[in-house]
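Engineer: Chains as they are written, first to last, in this note's numbering: chain A, 1 to 313; chain B, 1 to 313; chain C, 1 to 313; chain D, 1 to 313.
Hints are computed from structural coordinates only; laboratory data are not their basis. Some hints here could point you the wrong way.
[What the hints assert, rightly or not] Some chain B residues close to chain A (C-beta under 8 Å, calculated; not the full set): (1) 24; (2) 56; (3) 59; (4) 86; (5) 87; (6) 113; (7) 123; (8) 183; (9) 187; (10) 188; (11) 259; (12) 282; (13) 283; (14) 285.
[Stated by the list, open to error] Listed next, with one range per pair, are the computed distances between beta-carbon atoms: (15) 147/D / 21/A: 35 to 45 Å; (16) 75/D / 293/C: 56 to 66 Å; (17) 75/D / 186/B: 49 to 59 Å; (18) 184/C / 286/D: 44 to 54 Å; (19) 237/C / 112/D: 19 to 29 Å; (20) 224/A / 258/D: 46 to 56 Å; (21) 122/C / 72/D: 31 to 41 Å; (22) 25/C / 147/D: 26 to 36 Å; (23) 68/B / 21/A: 29 to 39 Å; (24) 186/A / 293/D: 51 to 61 Å; (25) 188/A / 189/C: 45 to 55 Å; (26) 21/C / 72/D: 29 to 39 Å; (27) 237/C / 132/D: 57 to 67 Å; (28) 39/B / 36/A: 51 to 61 Å.
We put the beta carbon where it would ideally sit given N, CA and C, even for glycine.
Number of protein chains: 4
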Amino acid sequence: MAQLINRQSRGVYIIAATPFTDQGAVDHESLRRLVDFYISHGVSGLTILGMMGEANKMTGEERRAVIDTVLARSGDLPVVVGVSDPGMANLAELSRYSMDKGASGVMVTPAAGPAREDRIEAYFHDVCAAIGTDVPVCLQDFPLATGLPISSALIRRLSQACDQIVMLKHEDWPGLAKISRLRGDETAAGTKRLSILTGNGGLYLPQELQRGADGAMTGFAYPEALVQTVALHEAGRREEAEDLFDRYLPILRHEQQPGFGLGVRKYILMRRGAIASAATRAPGPKMSPTDMAEADRLMARLARALQGDLPRL
Amino acid sequence: MAQLINRQSRGVYIIAATPFTDQGAVDHESLRRLVDFYISHGVSGLTILGMMGEANKMTGEERRAVIDTVLARSGDLPVVVGVSDPGMANLAELSRYSMDKGASGVMVTPAAGPAREDRIEAYFHDVCAAIGTDVPVCLQDFPLATGLPISSALIRRLSQACDQIVMLKHEDWPGLAKISRLRGDETAAGTKRLSILTGNGGLYLPQELQRGADGAMTGFAYPEALVQTVALHEAGRREEAEDLFDRYLPILRHEQQPGFGLGVRKYILMRRGAIASAATRAPGPKMSPTDMAEADRLMARLARALQGDLPRL
Amino acid sequence: MAQLINRQSRGVYIIAATPFTDQGAVDHESLRRLVDFYISHGVSGLTILGMMGEANKMTGEERRAVIDTVLARSGDLPVVVGVSDPGMANLAELSRYSMDKGASGVMVTPAAGPAREDRIEAYFHDVCAAIGTDVPVCLQDFPLATGLPISSALIRRLSQACDQIVMLKHEDWPGLAKISRLRGDETAAGTKRLSILTGNGGLYLPQELQRGADGAMTGFAYPEALVQTVALHEAGRREEAEDLFDRYLPILRHEQQPGFGLGVRKYILMRRGAIASAATRAPGPKMSPTDMAEADRLMARLARALQGDLPRL
Amino acid sequence: MAQLINRQSRGVYIIAATPFTDQGAVDHESLRRLVDFYISHGVSGLTILGMMGEANKMTGEERRAVIDTVLARSGDLPVVVGVSDPGMANLAELSRYSMDKGASGVMVTPAAGPAREDRIEAYFHDVCAAIGTDVPVCLQDFPLATGLPISSALIRRLSQACDQIVMLKHEDWPGLAKISRLRGDETAAGTKRLSILTGNGGLYLPQELQRGADGAMTGFAYPEALVQTVALHEAGRREEAEDLFDRYLPILRHEQQPGFGLGVRKYILMRRGAIASAATRAPGPKMSPTDMAEADRLMARLARALQGDLPRL
């Protein structure tokens, strides 16, 4: 049984894609293979049914089936389940289902509506009440996708007021100063530590680690790059961590394109043998022959870049 | 069996609220009462599971149950079903279910994403292909809610290219010139007529009718006001139509507040006996005692305003 | 010399249009006439160079000339000057110019940028430092136009921290509960009163007054309607205040359309003889013959509605 | 005298920062030094008074003074002037001033307002009429900053209808497919070629060149990286172009952060001796000691990366 996420959680929680067949059904066989792939690359945890997991295009039944398959395969690896939903009852039900099945926590993004911070603050209090105060929450702060910026002061207030809000999926952009500010807060007595895992496809991972992030929660199709960058950083080998990261940066920045990047990511996962089809559910990105050739080229360039001596732990 | 909506459809298609119990379950008994209420006030059609119907907070099962209850009660009144969904497969499945059960058409709003018109245009073509070309579509143009403005030129292109896009739910704001432009287009040979029903809570209904709208598709808790305004207008009694409308305007503009207005609407529907509880699903507006007293006062003022001689058809 | 605005300011501060000639020059002769027109209708103050004053389409010289003309004509009527600007130095310079010429305060809206409340809070502190702590500030809260919602908690924090932030131009929408919350705050010891004047074209003025607003700061082309509504309300004749207001509501809601409404407003001001031309500066709304006929009709309907007995103070 | 920009323009048009003194005045001495710096690194043109040039925080006089200084220094290098302004008259006047002083064209972004493509299309037609049909226009397509996405179909319509719209500053994101589509259009008879220079800080420059872009129009503080990447690409040495580019990518992606990145850029320009102070005008990004150390570290890493053999033309 996996541990619950907590305020000390660290490492790489990979955002898992959801594999579909070319006909659009959830491909559970590929999903199992994908879990194995992530585990084989040393991730510390999995996050499923996030935005990049196309959760909002699935039915409730399908989401539950994905939870079942992943949790049956992930062993004692912590699994965080994205439960964001326009309806609070659906959110709470999916949270309950996830925790019953052995999830380590849930991820929640603010519900759509005005960006006023009082509304967002009340929303998270309501979420905590609805799911039960024993369920650990990862708060996803992704204004580029949600249109809802949140100040570090509000994140801190929520972390202080709600014991269960233990983790931040940080993907405000630009957001480096936000990490410094949140870590700065924690030097004050009585301030609870937050686990901070960063998103944005990993685009600023070395800088984020240097400012105090605990790792990454993102979905790069080369999870080993994230894992090794974090490990080298934790070993105090910061320049080497960044040397390694920089070799992956060209393809990482290509995959990080909003919306379209999911197509690239699934294409690479398919080419790496982790899933059978690169299909996304409609409406979703489709790779043209040009797009595929471009991705192939970046993969080939990466392969060459990795031939030289690499820093390893 | 109700007629399908078409390019000549006119009158008032009332946007139906979805009644919930105080515990949050769909209240089917109230739903039947609400259908009767709308019919008794002379509406020409019903539109269910729209934004104000809180469809995005329901499960697929609940949506289908609402369709069943309404279509079992609505007799030969046309019913349009809102089928917008982040996932195309879910959208198509709900459309198929609706039409199989006897719906007269479906309503679709553009999927979230960049506001580029080429994306929106392609999306509607994909929708038409996915639901089948025999299903009549009402295109909902509501940029305040979707963040996706659409030019009249694009609406026209879609109406010309897709025979099944027969109706526009017009709620761009400001949008009076858009109606004039769309009707102006239709003087050109080969341009197909669009049924235009207007939304925005009815705030500009007399002006919209004068510019060529065919009626309203909105959810005011006094449907008789919309019905009589349209009827008087159609009878050529335009000043009287507006006289009548203006008596309702103070409470209509109160109900038209975005988001919060749904709370007002359900409160009035409850006070009028159409539904048992004013509850909305979380996250949703909740009426404070001040809000209720304010609504009571506006209802009392309306009752007094209606005591004088009213124009009637 | 007019009094500075303060935390007790009340009444109607009319948002003044800026008259242009058909060739696009500032029409100072009309501007003087317009000031006289507003004064003759009993307003308590003027607000110039706001959004509806098209300030962002004028050069610095033109803005200063408008300030000169208005302040030379307004006598002891308080004049608030909109000084919002993408650059802090420009904002501070215009503020200094305004106060030197005898303005009673300045109006500021948050600068464009992320909607995070920490950014907006810091911005207003910077503004206060830049313009000098002796300059009274009216904080404009207009998220529909700025895209920057502000919670009542932040407004309160700013009002408490900055003595000079004495007034709120309230036009969040929906925003009635915000007034109640702000007034509720003030029952706590040590909480400073805020003058709250409401905008949004006046669409909810009676409700806003009933919830504790001190008056209106908006630009309706029938300022007498706002003045009399506020006066009747202050005299405790609330139903009559609303009766009077409701007669104007049909044309007020027509003028309140965002963007386009400025065209209607200037057209009515021209037809009422307050300015020579209805021209707006490009890019700005232009009235088509249909638009003009529609406005004419609403003006004629208003004239008829006003023929009956009117509540008067 | 520099050539006007045209449909065949190519290379690197560097977006010039505007240097300020620590007190906030335009630093003309640094501006001259900066022009020399850009020229010494081989740029093909300059673009001044763009968003990153902080033009919206300057007065009209200041903008004209910047134009004077740059054009007196730039010799026969083409200079494009950003003239976007909320007011059409101001835009036209600045355009006239620029062209009179010897500019090679103007850059225009859509005016704020609804994102409907008909409005944006009409706006560009109005701009062309207002500035005169002999002034070459670079259309800036930057939805992340403007909130106004434009389809490639609209760009093409404008390019066909307005002979003077000769260049696209492409910075839609993701936008690679847009370049392919625009170049695909041009295989049709009668379709006029557009010069396409790409922005977004250069983040995807190699991919953009491979899809048919003519170069870059962005403001990276290492202009030589852009110049050499484009030169190697044009020489058919595509892998080497990308090898070189990738060495700069870590610091380029750091500088590309929206808003904050301008602080980084000016800091690097200062450290490279191109300007005297890294100050931005308020409200603008300020570099903390942590931010500066982080930038120093990335500069040092770049210096090391450049020590190996570099592909050169």
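Engineer: Hint by hint, note whether the structure agrees.
Structural biologist: Hint check:
1. 24: holds (6 Å)
2. 56: Hint on residue 56/B: holds, closest Cβ of chain A at ~4 Å, below 8 Å.
3. 59: Holds: closest Cβ of chain A sits about 5 Å from residue 59/B, inside 8 Å.
4. 86: holds (4 Å)
5. 87: It holds, given that the least Cβ distance between residue 87/B and chain A is near 3 Å, below 8 Å.
6. 113: holds (7 Å)
7. 123: holds (6 Å)
8. 183: With Cβ-Cβ at 31 Å, over 8 Å, it is violated.
9. 187: Cβ of residue 187/B sits 35 Å from chain A, so the hint is violated.
10. 188: violated (32 Å)
11. 259: With Cβ-Cβ at 7 Å, under 8 Å, it holds.
12. 282: For residue 282/B, the interface hint holds, since the closest Cβ of chain A sits about 4 Å away, which is under 8 Å.
13. 283: holds (5 Å)
14. 285: violated (10 Å)
15. 147/D / 21/A: 35 to 45 Å: Given a distance of about 37 Å, which is inside 35 to 45 Å, the answer is holds.
16. 75/D / 293/C: 56 to 66 Å: holds (58 Å)
17. 75/D / 186/B: 49 to 59 Å: holds (58 Å)
18. 184/C / 286/D: 44 to 54 Å: This hint is violated: roughly 37 Å between Cβ atoms.
19. 237/C / 112/D: 19 to 29 Å: With Cβ atoms ~42 Å apart, the hint is violated.
20. 224/A / 258/D: 46 to 56 Å: For residue 258/D against residue 224/A, whose Cβ atoms are near 30 Å apart, the range 46 to 56 Å is violated.
21. 122/C / 72/D: 31 to 41 Å: Given a distance of about 38 Å, which is inside 31 to 41 Å, the answer is holds.
22. 25/C / 147/D: 26 to 36 Å: Holds - the Cβ-Cβ distance for residue 25/C and residue 147/D, about 31 Å, lies within 26 to 36 Å.
23. 68/B / 21/A: 29 to 39 Å: holds (31 Å)
24. 186/A / 293/D: 51 to 61 Å: violated (20 Å)
25. 188/A / 189/C: 45 to 55 Å: For residue 188/A and residue 189/C the Cβ distance comes to about 28 Å; the hint is violated.
26. 21/C / 72/D: 29 to 39 Å: At 36 Å between Cβs, range holds.
27. 237/C / 132/D: 57 to 67 Å: Cβ of residue 237/C to Cβ of residue 132/D: about 60 Å, so the range 57 to 67 Å holds.
28. 39/B / 36/A: 51 to 61 Å: Holds, at about 58 Å.
Checked against the numbered hints listed earlier, the structure breaks hints 8, 9, 10, 14, 18, 19, 20, 24, 25; every other hint is satisfied.
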